[in-house]
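Novice: Residue numbers in the sequence shown follow the numbering used here, run continuously in steps of one, and reach 156 at the last position.
All clues stand as given, with none of them false.
The following label-pair restraints were derived from C-beta to C-beta distances: (1) L116 <-> S35: 22 to 28 Å; (2) Y53 <-> P110: 21 to 27 Å; (3) V82 <-> L43: 15 to 21 Å; (4) A86 <-> N133: 28 to 34 Å; (5) V134 <-> G72: 15 to 21 Å; (6) F95 <-> E34: 18 to 24 Å.
If you're looking for bench data, these hints aren't it; they were derived computationally from the structure.
Every residue, glycine too, gets a C-beta built ideally from N, C-alpha and C.
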Amino acid sequence: MKRKIFKVVVLLQVLLLSTVDIYAQSADSNFSRESRYAIRPELFGAVAIEFGYQFNPQIQGSVGFGLELSDGLAYRELLLGVRAYASDTKWTAFFDYHIGLLLIEGYALPAHRFTLGPSFKNFDFGGGILYVNVDGVGAWGPCINIGYNFRFPSKN
Numbered sequence: 001m002k003r004k005i006f007k008v009v010v011l012l013q014v015l016l017l018s019t020v021d022i023y024a025q026s027a028d029s030n031f032s033r034e035s036r037y038a039i040r041p042e043l044f045g046a047v048a049i050e051f052g053y054q055f056n057p058q059i060q061g062s063v064g065f066g067l068e069l070s071d072g073l074a075y076r077e078l079l080l081g082v083r084a085y086a087s088d089t090k091w092t093a094f095f096d097y098h099i100g101l102l103l104i105e106g107y108a109l110p111a112h113r114f115t116l117g118p119s120f121k122n123f124d125f126g127g128g129i130l131y132v133n134v135d136g137v138g139a140w141g142p143c144i145n146i147g148y149n150f151r152f153p154s155k156n
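All chains, full assembly: derive it from the sequences and hints.
Specialist: Here it is in structure tokens:
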């Protein structure tokens with residue numbers, strides 16, 4: 001069952017990406033992190049898709065869902081995140097914080113993820129830490145964040 005869910009999530013991402021990429025191709029070739037909506041597929045130990053809004057060149061907020069991959073199992077996860085960019089240039093640094101709710105056997109475990117890294121246009125790649133608290137015991141671990149923002153054309 002979990003493999004079927006995983007395949008459906010991957011298929012939905014591919015369909016969404018091909019649709020959104022058509023909009024991206026028609027957008028102005030000048031790059032900018034101006035205010036607009038975006039769809040962001042992401043890998044960070046999970047396969048996720050997020051729907052976000054770029055509030056200004058420095059701040060982006062998002063909500064999404066994904067499948068956390070651990071020990072050969074896939075757990076559903078709900079995500080809420082904020083990403084801060086250092087500038088509106090093609091190359092810049094970003095800081096990302098996400099809180100996820102891992103849905104495991106009737107429980108919702110909060111998972112916090114902090115990453116930092118470079119961003120080139122719409123592609124972000126970073127490393128950081130993941131923190132999960134299970135029954136009062138905190139677990140820390142490394143995480144890698146790879147994501148791409150498919151930004152909808154602005155109204156300008």
